[in-house]
Amino acid sequence: MELLFAAVVGGLYAAGVYLLLQRNVVKIILGLALLGHGANLLIFTAGGLTRARAPIIAEGALSAPPDTADPLPQALILTAIVIGFGVLAFLLALVERTHQVVPTDDVDELKGTDT
Amino acid sequence: MLIAVMSGFAGALLAPAVCGAAGKRTGWILAALPGGLFLYFLRLLAAGGAVSTLDWAPELGVSLAFRADGLSLLFALLISGIGALVTVYSGGYLSNHPFLGRWFLYLFAFMASMLGLVLADNLYLLFIFWELTSFTSYLLIGFNHDEEASRAAALQALLVTAAGGLALLAGLVILAGVTGNTGLSGMAASAELLRGHPARVTVVVLLLLGAFTKSAQFPFHFWLPNAMAAPTPASAYLHSSTMVKAGVYLVARMHPLFADDAVWHTGLVVFGGATLLYGGVRAAAQTVIKRMLAYSTVAALGVMMLLFGIGTEAAVHAAVAFLFAHALYKAGLFLVGGAVDHATGERDLRRLSGLGRAMPLTAAAAAVVALSMAGVPPLFGFTAKEHVYAAVLASPAVAAVTVAGALLFVLVALAVGVRPFLGRPLDTPKHAHEPSPSLWLPPLALAAGSLGFGFAPGLLDRALLLPAAAGVLGESLAPSGHAAHGGLVLGLSAATLVVGLGLFFARDRIRGLLGGFRLLSPGEPENLWNAGMRGMVWAAGAQTRAIQHGYLRGYLTLVFLALVLLTAPVLLRHSPEVGRILHSRSLSALLHLRFHEVGLGLLMAVSIGAVVHMRTRLAAVAALGVVGYGMAIIFILFGAPDLAMTQFVIETLTVILLVLAFYHLPAFAPPARRVFQTGNLLLAGSVGVVMALLVLVAADEHHPTALARYFSDNSLSLGHGRNVVNVILVDFRALDTLGEITVLALAALGAYAVLYLKPRGEGGKP
Amino acid sequence: MNSVIFRSATRYMFPILLLLSVFLLMSGHNEPGGGFTGGLVAASAFVLYALAFDTAEARRRLWLDPRYLIGTGLLLALASGVVGLLAGEPFLTAYWVNVPLPGGGVAALGTPLLFDAGVCLDVVGVSLLIIFSMADVDRGEP
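Residue numbers (this note's numbering), protein chains in the order written: chain U, 9 to 123; chain S, 125 to 890; chain Y, 1483 to 1624.
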């Protein structure tokens, strides 16, 4: 299954980069969101995909059996997801404010600091 | 000796204070420092030299090692002696200048640096002082910093000598590497090591470059005449008697190493001779006092380089004699010229005449040093010239060049030191008068030196010059008699005087002739240098405009392009590996993929495509939401419940947030032209492929690490929790989580601040 | 939005969601859940309220300014770590106590739970600050 999801990662990155290179600010934001998803999935897939076994120790057992999912990438991704949201929010605030000052949605018109 | 050098720097720091307190008498008072150093060095000379060492960075081979042998002491005496005279002179010349304190700071700093240079016994120490002299020279040349010409001249001098300094450093480093030591005293012994070494030519070239730039040899000479923008005391001190001789010092010091090197000899002789001719000819064509003296200094430096190039005992002896004589008379002429300028306000030689009556003492000093320069007996300049002629007689070509130069020296000497004081007095901007003692005493002292040593050359030889030559050659020299030079040399000297006199009377015609050479201007080294500087600035600007263009998309394109271009070759290089991974993964995929996983994959693909292609914002956002939910389902399927829950809620909040934000932003414009999009598509596609391959390669490398084992095993026992992921987040790696919630807080506060905190005075849309 | 159905449903969902968030927070150490998830669910409860009624209403329900929630959360998290420092151990060393419950059984309480609670509050504050700020942009300073 790694192959399938590696392809999905590639698709996410490709779409994300493509949108990042657009002129419309809104598309850039969407591209960034996709890129974030791509990064998370990258870590998840690279850590090895195990079907269904969550890294939760069963009642009464002392430790998890060896074929459970790797908990460390999960911990990393959890923080990454939430921080990605924070970054997106900040970006949106910036775009909003920029739009208030310079009413354009074309990134090319935002070049230089004297607009 | 360390103290001696450092006292110069200490003096520099204290000078402004003394100046503030002493006022008019500052020059006289401050001269005590260089005067004291002069006496100190005299004592060292009598004692036969000294050595002092202080280790600084032994691993790098840098130590504060000083050594005073004959050569060093010759220079040290010149530096401190003329330094004292110049200090007194500055006090008078710049007496009304608001920045006089600063002047003495720079002057003493220079003196200390120059002393350090000639006394240093360590290659790197020598280099440090070398660069310090360049720097202090920059400060002194640009002293009148409100004048454009001063600033430009200072910068030019600094850049040329610093460029040479870099070459010097490179040469010294290689030299240290080849010989294995950094002490100058041990250098001579290492000559063998250098003889057959492949890097020898490089070292020679680099060292010569350093010496030539510092000593204004052709084609690096042009900074010296421009440095005349400095106040006269600096010109007299640095740019005639001390700093510009640093290159000569270097050549002399390195002599034992390269004594038999053809490149060394040829380079010195050729460039020295060329410089002599060029400087002499240019000097003859000048009309301003200082420029004439500057070009003649260039020529004189050429003579010294030439003599060291010849390298025989006689030549070395002649070189040190000439060096000494030149220092005395050139500094004297500069000081006289400055006194004339100060007293009359006129610098053009064509308008100066008959000053002898108004400034008798200055005139007397001028006459003596001028005659020394012209080579009239019994002045010491004559003795030195005799030695020079004797040394060059061996080669007719070199002799011819030398004589030609000497002729031009006569011309210059008469034009600057004799003519202005004879004849009918002309009108000058300021009424000509004898300047204050501080302005005529130093030149008179130098004149007395030229005269005195002229009468007792043997004494000078034994005391100073022969030890100096010994320092260069590494062996003692027997004193040679004054008359030992024979009739030919004497005849040449006489002829030089006569022909030179004739040239002097014809100087206006000569000047006219040389004016025609303006046509050669474009090839002039100075113009080439200036063109080079302008080109560099232009190139820097063009490059900045090309790279820092301000377009976000351009920057992004560059970033992703770099990503692809840097990773793709690595992947290609390991393509068999990658191919194997792909093959095995495809096999396992065909065998093991479940139906719902494939469906999920398809869902993701479609929704990703939708995000890109949707025409309206809402539709794109909705598609993004589907992508996020798809991610959450992936998390569920592969054993990450915490992740899945978080992803679901975050995705929901994201969609809501985007809708709220897009409410204020405009709708999508029509898409851009096809042409640009293909490029973007290609780039994006390549990034996607590279990342996908990277994932596969990484997944292949992955084996359950010891970390995962550790966390699973200890989650319950140490962490008291069965949810391993949560235990990691709040217990094992709690510090990371703490950092993370701080980042979240900052992001939120930042967003709030951006939206609500507006600068005062701004309300709504401007 | 003016939908009656939405509003009524929200009025019931709201407390349930808040309870769910507390549950997730408390059980997160042994079952799927935890501070992040709990906080996000709580935040979504308020966002739901804001969608159904009004952001001003939702703010009133929240009673505290979200920024105070952020600050409190960070403070709790730091405090849970300082306990260890005071005892001479490294920062963020975990301490557990076993508290007997009235109906039999034992509850294990510890500094990691305090930390998790801090994380939860921080996440609630962050999410709500972001959403409310964006929603109220037209209105100027809230």
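Because the hints were derived from the structure by calculation, they are not lab data. Mixed in with the good hints there might be a few duds.
[What the hints assert, rightly or not] Restricting the straight-line Cα-Cα distance to at most 25 Å, the calculated cross-link-like pairs of lysine to any residue (SDA-like) are:
(1) S:Lys882 <-> U:Val110
(2) U:Lys119 <-> U:His107
(3) U:Lys119 <-> S:Leu881
(4) S:Lys554 <-> S:Leu218
(5) U:Lys119 <-> S:His466
(6) U:Lys119 <-> S:Asn220
(7) U:Lys119 <-> S:Lys148
(8) S:Lys554 <-> S:Thr411
(9) S:Lys148 <-> S:Thr411
(10) U:Lys119 <-> S:His788
(11) U:Lys119 <-> S:Leu218
(12) S:Lys554 <-> S:Met130
Fair warning: this is a prediction, and the values are worked out from it, not measured in the lab.
field: Violated hints, by number in ascending order, as checked against the structure
entry: 5, 6, 7, 9, 11 and 12
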